[in-house]
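Chemist: Here are the chains, one letter per residue:
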Amino acid sequence: MSDFPAMAPGRETGFLNRTEMLGAAALALVIFVLLPLALDPFRLNLFGKYLTYAFVAVGLVLCWGAGGILSLGQGVFFGLGGYALAMFLKLEASTPEATAIQSTPGIPDFMDWNQITALPGWWQPFHSLGFTIFAVVAVPVIFAFIIGTAMFRRRVGGVYFSIITQAIAAILTILIIGQQGYTGGVNGITDLRTLKGWDIRTDEAKTALYFFNGALLFACLALAQFVRRSKLGRILIAMRDREDRVRFSGYDVASFKIFVFCLGAAFAAIGGAMFTLQVGFMSPSFVGIVPSIEMVIFCAVGGRNSILGAVWGTLLVNWAKTTFSEGFPELWQFGMGALFIAVVLVFPDGLAGLWKSHVEPLFGRLKPRTSAPQPAE
Amino acid sequence: MTKKSPQSPLGAPSRRAFLAASAALSASLFLPKGLKAQDFPTAAVNTTGLAVTDTDVTVGILHSVTGTMAISETGSVQAEKLAIDQINKMGGVLGRQIKFVQEDGASDWPTFAEKARKLLVDDKVASVMGCWTSASRKAVLPVFEQYNGMLYYPTFYEGLEQSPNVIYTGQEATQQIISGIDWVTQNKGAKTFYLLGSDYIWPRTSNKIARKHIEKLGLEVVGEEYYPLGHTTFNSVINKIKLKKPDVIYAIVVGGSNVAFYKQLKAAGIDMTKEKPLLLTISVTEDEIRGIGGENIDGAYACMKYFQSLDNPNNLDFVKSFKDMYGQDMVIGDVTQAAYLGPWLWKAAVEKAGSFDIDKIKAASPGIELATAPEGYVKVHENHHLWSKTRVGHAQPDGQYKVVFETADLVEPNPFPEGYQ
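Just so you know, the sequences run in chain order A and B.
According to my numbering, the residues represented by the first sequence are 7 to 383, in order.
According to my numbering, the residues represented by the second sequence are 1031 to 1451, in order.
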């Protein structure tokens, strides 16, 4: 387990303060100990799926919470990462033996349905796992870099930036659906079976992937925390609050924005790839506007200024979604709506805000009174 | 079912014969109820740990009741619940009452996969009635194959699939397309066709089969176009149609787009009752007409296997029970009827196999016949699709179809048609 506390001593300046340390430890305890002990493999896999959205939410905390860049198109990067891995897995699943029933054996089934008779050239590199892992991160980052350069260099920001990211999400969805011979269309890329011969559909594989996913998430959290603690993070916050002053102080604002946007894209892409691995397929329904906005909601529920809050928010919203929809198949969306209204009206800073305003004061009161060595909790 | 009772020489039935006959009659009437749970001990009929007890058996219902597909899938949910209710009143399956767990796919394919896994792994349901779009079926298929579940899938679809874990109670593409095209060419003298559809696998595959068949007949396709799901401006294609003057507009527009398409056709002055051009669709059932409005689609032809107006005793009973349960203003489309078949086919398979075990149901399913189907007689093919008739309906202003043609024989399902791929 790559726990936070283990890394903390390296930075004596205080990589994490006391509450952050507690929060990280609590999250690690829940993800690596409590959930695996309490849940059967099916439920654990569900939480694994929720955690893949947490990557996106953590990226959003950096972009939106710290940098003030509200991207409503994170689904694009989540999707690109997921599709890259799905292409590799699909090629592995489409052996000539497994697809003997097709007119052209050896190519993915949806290509065959669309009368494509040879694997397109741009699919070829995805035979290699190494290239695929590279592409999972590189393709979305390059794409984010292009978008970021095009917009931030021209000083497009705020609402306009959000709208453009939304448009990009819509465009990419239409592109994927329209090119169904090459992308699987609305159905997406389905029926993924093995990763280098390792069956990813078994319970053991799913449990292993869950832990791998958790470890990756903590690595990303550590990276995000590093960025926040660094000078870069402080410039981001300065930019968010008074962009002109930062610019007049001689900083190249656009470069910082592009960097953090690319970082958010990379996190989202890793989440997307982990999603494909754990759920076993990828479809355009994760790329479009609705999922992109949902991901912003996860982040908002958790608290957009707290990377740990974002993870908790993602877990809470998705768990609620599953539970409500199992309990009330026809009414659950009202429950979700009520939850979101409550977030905006009652706790606008999300779970992290609630924690700060309600839970932390308790510690504060507790400490002087007891002054016992046992800390609060 | 009942044997002819022996007659006395005088023609009046003897007392003995009467007794025998009434005994036979009551035996046959109560035959389904004769299947008592104690004759089928749970340990024997359920060797794989499904949700079967001495008194009941749990199945799953997995459709979208929220989101964009809810309007289409609600009818399927209702039909499946009706069938389950009727089966329970008849004594259940192997003496066990059917209980169901309903899950919402929320018009979202990954959610379907998640819920399918939940039904099979957590609830251990004995079978699942569910899915509607091809995308949702493709999403759950690996789940059903991995956990060895049984899915009864109601929608007409594109074929090119044949899973041992699925019974396809709707038509595959050739069953719906070929007879319809033959009918318009023979009876309406159609020579040229304009193919039109929503942009995903089912319309594309269907149009591919339609095009091959049209070209085999030596006729001509003058245009073929696709629009994204949810598309609402069809003016440009309507202008092209006016320009090319095809004999037939072959439309496979799906979902909400239908409302815009038919209203704009009418607004553009194409009166379908004049049949110049004639419109033939395979995607508009009575359910969709509720949204489109009967007056907007008056005169169009649809090729399906079932219409609510079918005049046979099974269907009259079915329509009555459906309306009694859900309201007199309900309409029943092709898929709703196919969904209604799901629980019945499953019951028949379980009783034939004498077991709830999935592998035994798989083996028992081919050859199962259902003479009580509202569409008439159906039979399960080796390839897990249904033999069924193809019918052409003529849309009326009241939103119903009048049946103008039906194939003489059942049409064989052929999900991998040679020469059409």
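No wet-lab data here; the hints were simulated from the structure.
Heads up, a few of these hints could be off.
[Said to hold, decoys possible] Here are the simulated DSS-like pairs of lysine-lysine, each with C-alpha atoms no more than 27 Å apart in a straight line: (1) Lys-1119(B) x Lys-327(A); (2) Lys-212(A) x Lys-1432(B); (3) Lys-1154(B) x Lys-55(A); (4) Lys-1392(B) x Lys-1119(B); (5) Lys-1432(B) x Lys-327(A); (6) Lys-1221(B) x Lys-1432(B).
Chemist: Now tell me, hint by hint, if it's right for this structure.
Modeler: Structure-based check of all given hints:
The hinted pair formed by Lys-1119(B) and Lys-327(A) fails the criterion: a straight-line CA distance of about 35 Å is larger than 27 Å. For the proposed pair Lys-212(A) and Lys-1432(B), the alpha carbon gap of about 53 Å is over 27 Å, so the pair is violated. Between the alpha carbons of Lys-1154(B) and Lys-55(A) the distance comes to roughly 22 Å, so the proposed pair stays at or under 27 Å and holds. With a C-alpha separation of about 26 Å, the suggested pairing of Lys-1392(B) with Lys-1119(B) holds against the 27 Å cut-off.
The hinted pair formed by Lys-1432(B) and Lys-327(A) fails the criterion: a straight-line CA distance of about 44 Å is larger than 27 Å. A distance of roughly 24 Å separates the Cα atoms of Lys-1221(B) and Lys-1432(B); the hinted pair therefore holds under the 27 Å criterion.
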